[in-house]
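Trainee: Put together the whole structure using the sequences plus the hints.
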Amino acid sequence: MSDHEHEEHAHEPAGYGIYFLTWFSLLVLTAITVTAAGMHFGSLSVVVALFIALVKASIVLWLFMHLKYEDTLFHRLVWIMILAMVIFIGMTFTDTLFR
Amino acid sequence: MSGHSIALTAHKDYRGSKIGIWLFLITEITLFGGMFLLYSIYRSEYAQDFHHAAAELNTLVGTINTLILLTSSLTMALSIAAVHHGNRKLSLWMLAITVLCGAGFMVNKYFEWGAKFHHGIYPGSEYLLAHPKGEVLFYGLYFVMTGIHGIHVLVGMVLLTVMFLKVMKQPNAKVSFVAGHGLGEIEGCRMAFVDAGGKVVWKGDEVDGSIERIDVKTKYWPVKKRFHVADFNQLENSGLYWHIVDIIWIFLFPLFYLIT
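As given, the protein sequences belong to chains A and B, one line each in that order. Quick note: the first sequence, position 83, residue 578 per the working numbering, numbers continuous. Quick note: the second sequence, position 62, residue 64 per the working numbering, numbers continuous.
Worth flagging that the hints you see were computed from the coordinates, not collected in a lab. All values derive from a computational prediction rather than experimental measurement. A few of these clues could be false.
Claimed, not checked - In the DSS-like style, the derived pairs of lysine-lysine whose C-alpha atoms are separated by at most 30 Å in a straight line are:
1) 111/B / 168/B
2) 20/B / 176/B
3) 20/B / 563/A
4) 20/B / 219/B
5) 20/B / 91/B
6) 219/B / 91/B
7) 91/B / 563/A
8) 168/B / 563/A
Mentor: Structural data, given as structure tokens:
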């Protein structure tokens, strides 16, 4: 029973509390986004809704999906993904907006 | 004996499998990203029609489904945390609640889509085709995007049910001491377990030449020492999938339900 000591415990297991806190903050943000949608900010409402969605997604990625505990490789993977999406959407809009 | 013994346990690449699932999640994001791109282009072209069409969607149902999915993400994370703390019972309960939340989400979706069909709103319906082009596009995107998302929820539910069964059974492990790796030394001897007080608590048969190997079968759960997080990487990876499905809904919700 010797060589089973390659313990993959890169980090101490997180307590349960942090997940409840994460969940609660996501609920608050949902309440904010629903209320903000009812206030009719006009063209700004899309920006507000997307911004809150991005914050919520980041919270899920960072805490629920444990990116906080992962090393740089995983962080880079996610950044590459975000960058790719920005390029796809941004480049397409430079075409459709200025036709 | 331990100096000669070898433990025959399956190799598990914890990090490798995690990289694999993250790469897969990236392809999922590009799948939905393409549809989000389509949505945003058409939205900028038919802003007015999208506004009118979105007003038809039930914000309350959308909000309830958001709360259900966020809660399921919480129970999913708790299930994995429970495994890390060696608490199988809690892990199983949390997994069960996660699957139930998924089912609740799908039931809501069923009634929501059902109501739309009832009003004659479905892809290619006469009612819809009589409306402006932008509204047709909005509902086309709505059905495709929430539909594919719903399929992802169903897949997640199946995956988590399998994980439930695995966590329920796991982890039983076997360590084998094979002939030629020290077994010869104890040939002709009798095996016994002796406790700290020197008392023999168990006595076995004689180890003769016919013995090929000695297996030690373990159940991990009652013994924390034998517990390895790597044994649960499938549960963790399924959790990552469940969370990405939640993230996609986080974007679908405001874009379809809140922009009125």
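Trainee: Does residue 111/B pair with residue 168/B here, judged by a C-alpha cut-off of 30 Å?
Mentor: holds, 29 Å
Trainee: Does residue 20/B pair with residue 219/B here, judged by a C-alpha cut-off of 30 Å?
Mentor: holds, 28 Å
Trainee: Next pair to validate is residue 219/B with residue 91/B; report whether the Cα-Cα distance is within 30 Å.
Mentor: Distance ~22 Å between residue 219/B and residue 91/B Cα, so the pair holds.
Trainee: Would the hint linking residue 20/B and residue 176/B be met if the CA-CA limit is 30 Å?
Mentor: holds, 25 Å
Trainee: Would the pair residue 20/B and residue 91/B pass a check requiring their Cα atoms to be no farther apart than 30 Å?
Mentor: holds, 25 Å
Trainee: Measure nothing beyond the straight line between the CA atoms of residue 91/B and residue 563/A; if it is 30 Å or shorter, mark the hint as holding.
Mentor: holds, 26 Å
Trainee: Just to be careful, I want the Cα atoms of residue 168/B and residue 563/A compared with a cutoff of 30 Å; is the pair within it?
Mentor: holds, 27 Å
Trainee: Would the pair residue 20/B and residue 563/A pass a check requiring their Cα atoms to be no farther apart than 30 Å?
Mentor: Judged against 30 Å, a Cα distance of about 14 Å means the pair holds.
The structure agrees with every numbered hint stated previously.
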